[in-house]
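Undergrad: Each protein sequence line maps, in turn, to chains A and B.
For the first sequence, the numbering used here begins at 1 and goes up steadily by one.
For the second sequence, the numbering used here begins at 1 and goes up steadily by one.
Hints in this document: simulated from the structure, not taken from any laboratory.
Beyond 10 Å from chain B on every Cβ pair, some chain A residues (computed):
id, residue
1, L89
2, P103
3, D396
4, R397
Coverage of chain B stretches by chain A, computed from C-beta distances (three or more under 8 Å per stretch; other residues unrestricted):
id, region
5, 69 to 80
6, 241 to 254
The beta carbon of each residue, even a glycine, is placed where N, CA and C say it ideally should be.
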Amino acid sequence: MHASHRTGRAWGHGERFSTVIVWLPALLPLLFLLLFYFYPLVSILTLSLAPDGRLSLTALGTLFTPYHLHTLWFTAWQASLSTLLTVGLALPGAYVFARYDFPAKSLIQALTTVPFVLPTIVVALAFTALLGRRGLLNLALMALLRLDQPPLDLQYTLSIILLAHVFYNYTLVLRIVGTHWANLDPRLEEAARMLGAGRWRAFRLVTLPLLRPAIGAAALLVFVFCFTSFGVILVLGGPRFATLEVEIYRQTVHYLNLPLAAALSLIQIGFTLALMGAYTRLQARTTLPLDLRPRQTTQQRPRHWRERVIVGLNVGIVLLLLVSPLVALVARSLTSSADVPGGGVSLAFYRQLLQSRRDSAFYVPPAMAVRNSVGFALATVGLSVGLGLMAAVVLDRRGSGQGLGRLLDPLLMLPLGTSAVTLGLGYIVALDEPPLDLRTSPLLVVLAHTLVALPFVVRSVLPALRSINPHLREAAALLGASPWRVWREVDLPIIARSALVGAVFAFTVSMGEFGATSLIARPERPTMPIAIYRFLGRPGASNYGQALAMSTLLMLVCTAGFLVIERFRVGDLGEF
Amino acid sequence: MKQVKCLMSCVLVGMLMLSGCRSADSPIPPPTTPTSLASPPPRVVRMMTHDSFDISAETIAVFEAAYHAQVEILQAGDTGVMLNQAILSRDHPLADVLYGVDNTLLSRALAGDIFEAYNSPLLSHIPNQLILDPQHHALPVDYGDVCLNYDRGWFAEQGLTPPANLEDLVKPEYAGLTVVENPATSSPGLAFLLATIGHWGESGSYTYLDYWTDLRKNGLLVVEGWEDAYWGQFTHGSGGEGDRPIVVSYASSPPVEVHFAEQPFEEAPTAAVVGAGSCFRQIEFVGILKGAQNRELAQAWVDFMLDRTFQEDIPLHMFMFPANREAVLPEVFAQFAVIPEWPAEVDYAAIEANRETWVQAWTEVVLR
Numbered sequence: 001m002h003a004s005h006r007t008g009r010a011w012g013h014g015e016r017f018s019t020v021i022v023w024l025p026a027l028l029p030l031l032f033l034l035l036f037y038f039y040p041l042v043s044i045l046t047l048s049l050a051p052d053g054r055l056s057l058t059a060l061g062t063l064f065t066p067y068h069l070h071t072l073w074f075t076a077w078q079a080s081l082s083t084l085l086t087v088g089l090a091l092p093g094a095y096v097f098a099r100y101d102f103p104a105k106s107l108i109q110a111l112t113t114v115p116f117v118l119p120t121i122v123v124a125l126a127f128t129a130l131l132g133r134r135g136l137l138n139l140a141l142m143a144l145l146r147l148d149q150p151p152l153d154l155q156y157t158l159s160i161i162l163l164a165h166v167f168y169n170y171t172l173v174l175r176i177v178g179t180h181w182a183n184l185d186p187r188l189e190e191a192a193r194m195l196g197a198g199r200w201r202a203f204r205l206v207t208l209p210l211l212r213p214a215i216g217a218a219a220l221l222v223f224v225f226c227f228t229s230f231g232v233i234l235v236l237g238g239p240r241f242a243t244l245e246v247e248i249y250r251q252t253v254h255y256l257n258l259p260l261a262a263a264l265s266l267i268q269i270g271f272t273l274a275l276m277g278a279y280t281r282l283q284a285r286t287t288l289p290l291d292l293r294p295r296q297t298t299q300q301r302p303r304h305w306r307e308r309v310i311v312g313l314n315v316g317i318v319l320l321l322l323v324s325p326l327v328a329l330v331a332r333s334l335t336s337s338a339d340v341p342g343g344g345v346s347l348a349f350y351r352q353l354l355q356s357r358r359d360s361a362f363y364v365p366p367a368m369a370v371r372n373s374v375g376f377a378l379a380t381v382g383l384s385v386g387l388g389l390m391a392a393v394v395l396d397r398r399g400s401g402q403g404l405g406r407l408l409d410p411l412l413m414l415p416l417g418t419s420a421v422t423l424g425l426g427y428i429v430a431l432d433e434p435p436l437d438l439r440t441s442p443l444l445v446v447l448a449h450t451l452v453a454l455p456f457v458v459r460s461v462l463p464a465l466r467s468i469n470p471h472l473r474e475a476a477a478l479l480g481a482s483p484w485r486v487w488r489e490v491d492l493p494i495i496a497r498s499a500l501v502g503a504v505f506a507f508t509v510s511m512g513e514f515g516a517t518s519l520i521a522r523p524e525r526p527t528m529p530i531a532i533y534r535f536l537g538r539p540g541a542s543n544y545g546q547a548l549a550m551s552t553l554l555m556l557v558c559t560a561g562f563l564v565i566e567r568f569r570v571g572d573l574g575e576f
Numbered sequence: 001m002k003q004v005k006c007l008m009s010c011v012l013v014g015m016l017m018l019s020g021c022r023s024a025d026s027p028i029p030p031p032t033t034p035t036s037l038a039s040p041p042p043r044v045v046r047m048m049t050h051d052s053f054d055i056s057a058e059t060i061a062v063f064e065a066a067y068h069a070q071v072e073i074l075q076a077g078d079t080g081v082m083l084n085q086a087i088l089s090r091d092h093p094l095a096d097v098l099y100g101v102d103n104t105l106l107s108r109a110l111a112g113d114i115f116e117a118y119n120s121p122l123l124s125h126i127p128n129q130l131i132l133d134p135q136h137h138a139l140p141v142d143y144g145d146v147c148l149n150y151d152r153g154w155f156a157e158q159g160l161t162p163p164a165n166l167e168d169l170v171k172p173e174y175a176g177l178t179v180v181e182n183p184a185t186s187s188p189g190l191a192f193l194l195a196t197i198g199h200w201g202e203s204g205s206y207t208y209l210d211y212w213t214d215l216r217k218n219g220l221l222v223v224e225g226w227e228d229a230y231w232g233q234f235t236h237g238s239g240g241e242g243d244r245p246i247v248v249s250y251a252s253s254p255p256v257e258v259h260f261a262e263q264p265f266e267e268a269p270t271a272a273v274v275g276a277g278s279c280f281r282q283i284e285f286v287g288i289l290k291g292a293q294n295r296e297l298a299q300a301w302v303d304f305m306l307d308r309t310f311q312e313d314i315p316l317h318m319f320m321f322p323a324n325r326e327a328v329l330p331e332v333f334a335q336f337a338v339i340p341e342w343p344a345e346v347d348y349a350a351i352e353a354n355r356e357t358w359v360q361a362w363t364e365v366v367l368r
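Use the sequences and the hints to build the structure in full.
TA: So this is what it looks like as structure tokens:
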């Protein structure tokens, strides 16, 4: 630290250094995107649309069939509904987690993020156990209302798609908005109340406008995630529903119709880009510099009965919507008919999981799967938080780097809106010669995960960074601090908390990622989701049980990971 | 600087964890006998395959010891993804050998011109009806039949006779009992559609589409893939939530159920419907990729795959039947498996030519 301080002084006002300071954080993320996103993407799109070197746009003509137009419409429609529902349900939750302190709070918050890592097929099994025609809910209703037929049939409906999207994405809103909310000065709203505004009016006129950047960022992520939804639509929605992502996969993998797949990919990317453009414009207008407060001073225990009800209600929603499917999975993994006939509590599946099946060259010892998953996840966290902070600094910068920021912002989001199968084939086509022959390197998995994690880090950090009052920085600079020191002593303490949220998401993205990982030709380095799919790929009760035991292990490792990351402190900086 | 170091160490620790795993946890420790120290490093043969590939570590070790070689397996997603990767990387192949292309994708592989022909001496042990490519670009390794499976316990409990053939499924007593996979997204789903096409044909008074129309009327359930069908909807596979006692799976699923049962079974809990023309036979092929680094070693590996050691290891790892007729089946297969005598016949070239048309026609009739 002393070293950086000195260098800062020595170079601080030098012309050359400040140019480097302006460009370096921008260059690294840009270079990363160019090499590992644009280069593979352009390669595969060129190969698909211009196989003989001449652009052929006939594929674009086949796009405008009623079927594809309907697919586009449905994709946007379900994404909008899912986003509205998720934000609507999670905003009150964000308020409760931001303003109140209650027992087991950090554990519950960690649990809300667990769904994010679960493979879709496992979630589908949990949903069937709870909501299926012979699931718990229907059995309870039938017993309660004395019915012969299950009253609820959610299977393969839009409702279950929406429910699953809330299940997966609730945590995005809770964490991104909640973190921001926790640092808002409650005295602002109190002042409004003192001046005679009602509770609702004070919220609407004071708090809501201040939260808008964070809500916007979270809603954008949820929307893009649902817009490119794949597993949920296929497995829970059933064969009647299709999003663009599903159609791209079908065209690529089943029909090898690369021109049509490329055209659909372009539409998906174009849509994401347009959305990002609109969002960036909106964001620029709604962001205000604020005096943020440390979270310890903004939180309290619920005292009044009304506060207790609000806290209880939201925790109840979280438990019912997010935690109960997890519990169903854990319960099922502990139920085996081998030890106790008829299915009592037993650890049989866990024992089987640990038994070394040495006869298979592909047997995955659980410890190895955990180590692979955590290894990929840590590398992804390091890379994406590093690049993400740099990108956020550039995006936040007003003045000299603004043009660059406007360019970088939408570009960073694009990987989220790009079909995994398109990009996966892009890697095969583009990264095939030294020094970039990474096709079978484990590094490629980390790079792919980082591409997806990067937008989460940036979107988590940016609202906090933008709300820093510029006077603070000016004051520090006036007192002789170098730009680096200003960043370290002013910006970093304020954004550290948001950066940790970004780190949690990066960790999560990597732990749960299956689509891209399974597309990349890889020598044996199976992650936990891949081990789960391997068990589910074959008949036999013990395979089913072991898949659930492995899923439980995945949940445990992730919960532990979240709790550790959240307790992490950046150097000697206090918690903000 | 502290933060930068922290992030760097994060990346480093992560990469270290990944690099450590091969040497530490590899099921077969590398040979460290004095002789191997003196000899040159082993030659490497790389095989690209799908995610369902599995074989015992001992079998691979036999080859590695005999040829002083190292076998590297690259798993590249499901069969379609794998083949597309192989076609797109033709100029810079990822591996020397590709295994796992089946007869539904064979003509795409042959048209993609990714294989070198290889007339293996072991082909003499393989029945002619499995050898689809007379030039031997793609050599049959194993086969398996996609067909209906039913839950024996459920039918016994209900006092209902289980279905004996495809025709039974449209009878009123079997209404609402069947779950199938979507042929647009699932390979057993496609295979079952092909079985119906082979059985009823595309023209005449009653075509495969008429059959599907009747199935739909009889309360057919279509799901995305095998996992969801078997674990989510099938009465036997799931934890009790599934309410469909008939599912599209493999003729080998009943013995596999016994093999992976929680407690030893006297009888298989499920059974396969193998009446004439009610199954579709999937044949899986291996081929040497154009531009293979070491053609001679690749040939040795292909021969090894077609030889008895490897072939006899296939059933309990991949749940398919060995192509080599000399291979002896493991006991659980010999006891519980039935091989359909008369699978439905569909020419592999016709599959590639008509796949999209058939699947779309099916989609119109069954889903819309």
